[in-house]
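Single-letter residue listing:
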Amino acid sequence: DQQVKQNSPSLSVQEGRISILNCDYTNSMFDYFLWYKKYPAEGPTFLISISSIKDKNEDGRFTVFLNKSAKHLSLHIVPSQPGDSAVYFCAASGLKTSYDKVIFGPGTSLSVIP
Amino acid sequence: NAGVTQTPKFRVLKTGQSMTLLCAQDMNHEYMYWYRQDPGMGLRLIHYSVGEGTTAKGEVPDGYNVSRLKKQNFLLGLESAAPSQTSVYFCASSLGLAGLYNEQFFGPGTRLTVL
Chain H
1 DQQVKQNSPS
11 LSVQEGRISI
21 LNCDYTNSMF
31 DYFLWYKKYP
41 AEGPTFLISI
51 SSIKDKNEDG
61 RFTVFLNKSA
71 KHLSLHIVPS
81 QPGDSAVYFC
91 AASGLKTSYD
101 KVIFGPGTSL
111 SVIP
Chain G
115 NAGVTQTPKF
125 RVLKTGQSMT
135 LLCAQDMNHE
145 YMYWYRQDPG
155 MGLRLIHYSV
165 GEGTTAKGEV
175 PDGYNVSRLK
185 KQNFLLGLES
195 AAPSQTSVYF
205 CASSLGLAGL
215 YNEQFFGPGT
225 RLTVL
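If you read the protein sequences in the order shown, they are chains H and G.
Here our numbering is used: the first residue of the first sequence is 1, the next is one more, and so on.
Here our numbering is used: the first residue of the second sequence is 115, the next is one more, and so on.
Since the hints were derived computationally from the structure, they do not count as laboratory data.
One or more of the hints may lead you astray.
Here chain G is said to cover these stretches of chain H; the calculated rule only asks that three of the stretch's residues, wherever they fall, bring their Cβ under 8 Å from a Cβ of chain G [what the hints assert, rightly or not]:
| id | segment |
| --- | --- |
| 1 | 38–50 |
| 2 | 104–112 |
Derived pair list, reagent style PhoX-like, types lysine-lysine, alpha-carbon separation capped at 25 Å [to be verified]:
| id | chain 1 | residue 1 | chain 2 | residue 2 |
| --- | --- | --- | --- | --- |
| 3 | G | K184 | H | K101 |
| 4 | H | K5 | H | K56 |
| 5 | G | K184 | G | K171 |
| 6 | G | K185 | G | K171 |
| 7 | H | K101 | H | K5 |
| 8 | H | K54 | H | K71 |
| 9 | H | K68 | H | K54 |
| 10 | H | K101 | G | K171 |
| 11 | G | K185 | H | K101 |
| 12 | G | K123 | G | K185 |
| 13 | H | K37 | G | K123 |
| 14 | H | K101 | H | K37 |
| 15 | G | K171 | H | K5 |
| 16 | H | K71 | H | K56 |
| 17 | H | K68 | H | K5 |
Facing chain G, a subset of chain H residues (Cβ under 8 Å, in silico) [what the hints assert, rightly or not]:
| id | residue |
| --- | --- |
| 18 | Y32 |
| 19 | F89 |
| 20 | K101 |
Positions of the beta carbon are idealized from the N, C-alpha and C atoms, including for glycine.
Only chain H is shown next, with the shape it has when bound in the complex (with noise of 0.2 Å):
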């Protein structure tokens, strides 16, 4: 069973407008979330990540929005660039879960329509 989900496998949106990739959890005791961005024939790379004790993280045009009692989480990117088309894994970890294991998502493919 999947401790982290991401329910949409792949996402369009226009240049200029926002994108909105979710994600979501079932291990309550999860208090660390990060975002990576993967690019076709390369690794993921880190993109941001939120603490639990905080319900937003800001850096540039991505925004991380944690909804603790939903066990939900969200990447907004605005405005979204052509460069941004890439597929996002949302992942999670914390002290008080399995220390050594970072929890990845199957991932959402996002496509930024020029």
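Given the coordinates of chain H, work out where chain G should sit on it, guided by the hints.
Chain G alone, transformed into the frame defined by chain H:
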């Protein structure tokens, strides 16, 4: 500064053959990891290492062995390949333990097909 490199990039094996995937990092990271990525399943941890000479099992270790003889290298071995091991394999490294709020740096991946 090459970061994390993996060799080979592609490989096709027949069932029962063996092979070794090599991962190298030049960031002086203590922690290294091997993941596999399969469609619809995200990245799953195979084995990891918390330092030179150490290895530990991850989520899906069966059918794989690893070694960390040098700090900068982490080898993943398949002794008798099976079609279920067809996957894309990623190596990663981190300064601190990944589960403890540390960013991981990934290699470009190795695409392995087992016929």
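Violating hint indices (sorted, rising): Going through the list in order, the structure violates no hint and respects every one.
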